[in-house]
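Novice: Here are the chains, one letter per residue:
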Amino acid sequence: MDWNLRPARDLGLTPADRLRSLGREPGLIGLAVNTAWRRAVRAYLAAAHRFRVEGGENLPASGPFVMVANHASHLDALALSAALRGPAARRAHALAAGELFFGNNARAALSAYAINALPVWRGRSRRGDLDTMRARLAEDSLVYILFPEGTRSRTGAMAPFQPGLGMLVAGTDIPVVPCWLEGARDAWPAEGRLPRPGRPLTLTIGPPLRFAGVRNDRAGWQSVSATAEVATRRLAPQQAP
Amino acid sequence: MIPHPEGGAFAHPVTTGIVLATLAVLALAGLAILWLSRSGRAKPEFRRELWLRWASWCVLLPLMLSPVLIGRAWTIGAVTILSLACYREYARATGLFRERLLSLVIVLGILAVNFAALDHWYGFFVALWPLTACALAVCTIPLDRPAGYIQRTALAILAFMLFGAGLAHLGYMANDPGYRPLVLLLLTAVALNDVAAFTCGKLIGGAKLLPATSPNKTVSGSLGAVIVTTTLVALVGAAIFRGTPLANPVWLVAMGALVSVAGQAGDLLLSSIKRDLGIKDMGTVLPGHGGVLDRFNSLLLVAPAIFHLVQYFVGFGLTAPVRSITG
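If you're matching them up, the sequences are chains A and B in order.
Every letter in the first sequence is one number past the one before it in the numbering used here, and letter 18, counting from 1, is 18.
Every letter in the second sequence is one number past the one before it in the numbering used here, and letter 305, counting from 1, is 305.
By construction, these hints were calculated from the structure, which means they are not laboratory data.
It is possible that part of the hints are untrue.
Some but not every residue of chain A turned toward chain B, in silico, with C-beta under 8 Å [unchecked claim]:
#1 5
#2 11
#3 12
#4 13
#5 23
#6 27
#7 28
#8 35
#9 209
#10 210
#11 219
Where is the CB? At the ideal position from N, CA and C, for every residue including glycine.
Build the full structure now, drawing on both the sequences and the hints.
Specialist: Structure (structure tokens):
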């Protein structure tokens with residue numbers, strides 16, 4: 001691929017707007033902060049939660065791809081990004097609720113620089129935002145960490161997947177990697193302020209799914225989400241009879 | 001070395017004069033904008049633009065002048081921060097920031113060349129230019145990604161030349177005990193050069209200078225700036241370099257013309273980069289101005305040009321201790 005002059009996607013934005021921009025491209029400082037944060041999180045998860053990854057060989061070596069998982073805790077995005085290595089880890093963006101993670105500038109700075117999160121706004125996610133995310137996924141070889149249920153489960157049961165996932169990948173060859181994170185609700189429940197060390201955490205990564213043959217329309221998005229939901233549920237540990 | 005009287009930061013009358021003149025210009029500009037606002041002659045958005053620019057100057061000027069007045073290490077530190085800020089804007093505008101390895105080498109090069117200035121180690125200071133250029137040329141080869149090699153390497157070497165090696169000359173001047181009036185003169189003369197070009201261009205008008213590069217610049221503005229800046233720099237330069245081989249009318253006029261021409265060249269250089277990229281400003285840090293580079297572009301070429309002129313005739317820090325850190 002030839003490399004041509006292409007200004008940063010977030011050029012010309014004020015610092016506060018840049019933190020919340022879907023076009024935010026981290027520079028050296030962002031990369032350093034994110035790497036340090038990821039290493040610290042990885043060390044914490046290994047020490048406090050005996051974090052284990054099963055099926056790591058199912059992860060593509062580099063982007064673009066989308067990781068989807070069940071969502072019960074703030075630990076989820078941290079654990080999924082901790083499972084990534086190399087260029088995929090450096091280009092991974094967790095899609096996070098704008099209201100919660102980008103509400104004020106201090107929180108937005110932490111979310112943007114440390115977690116490398118991109119904001120998704122409840123109810124006012126415009127079509128243009130999704131188009132930007134879809135385009136960036138392929139053009140910038142990104143990795144998205146996405147929880148298609150839309151919110152953290154309060155009961156531990158996984159809710160149906162929203163069609164937004166389909167809007168990102170339908171009709172493309174970009175793999176969707178289903179994951180199941182077991183133990184996160186115990187380790188940091190949605191109603192808790194802080195994680196509880198000592199509770200084990202296990203991530204199971206399933207074989208990637210592809211949706212090149214699916215049409216990029218409403219019916220296609222639904223079918224992508226339904227397929228990914230089934231694949232994710234299949235990774236859940238079987239309950240003892 | 002530059003003649004300097006014993007005493008503190010304000011020992012040299014030129015230092016005091018430049019600081020007072022700058023503050024006076026700032027105060028007068030504020031009053032003029034106030035008068036313009038009160039009289040209702042300017043449109044609201046133009047008034048807002050003027051106030052924004054003025055407020056930016058009120059923040060920027062203390063940040064520029066104080067390090068120079070406080071001392072050598074502060075001056076070099078401020079130049080280092082300026083270099084990094086300029087590189088950041090350039091890298092984001094050209095897309096070079098996506099080349100992490102090159103960016104890292106350039107940042108390390110900027111830190112090293114400013115360290116050499118702080119250490120007062122001239123040999124290392126001048127060696128870092130070719131050494132960093134070589135490092136930039138080879139560091140991406142092991143990535144085994146030849147596509148785009150020429151473009152990224154050329155962009156990186158230009159970046160280090162302008163913001164690393166070039167700007168660091170401004171900091172290196174502080175190794176001379178008499179640096180304050182000269183550095184202050186350069187900082188204010190390049191700003192005056194911009195203002196003179198703008199004013200002469202508006203008053204006289206006429207043919208465009210380089211319409212494709214910078215549509216608002218005129219030949220009359222450019223020549224007017226050369227006359228105004230040369231006169232001022234030659235007169236102030238005569239007071240700074242009294243009793244040295246540089247205190248000769250021919251060389252003083254040459255120095256003044258060099259400040260003006262190199263300043264305008266730096267401005268046009270940045271305009272060319274922006275035109276090529278199709279962007280208007282390099283950043284948003286300074287309201288009313290744009291980015292740091294939009295403000296400091298004129299200094300990029302002036303710093304090394306004047307450094308070597310003065311170095312040839314007078315020399316910098318010849319009696320000051322050398323290699324104060326590395327020993």
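Novice: None of the hints should be skipped; say for each whether it holds.
Specialist: Status of the hints after comparison with the structure:
no.	hint	result
1	5	holds (6 Å)
2	11	holds (6 Å)
3	12	holds (6 Å)
4	13	holds (7 Å)
5	23	violated (12 Å)
6	27	holds (5 Å)
7	28	holds (5 Å)
8	35	violated (11 Å)
9	209	violated (29 Å)
10	210	violated (27 Å)
11	219	violated (37 Å)
Going through the hint list in order, the structure does not satisfy hints 5, 8, 9, 10 and 11.
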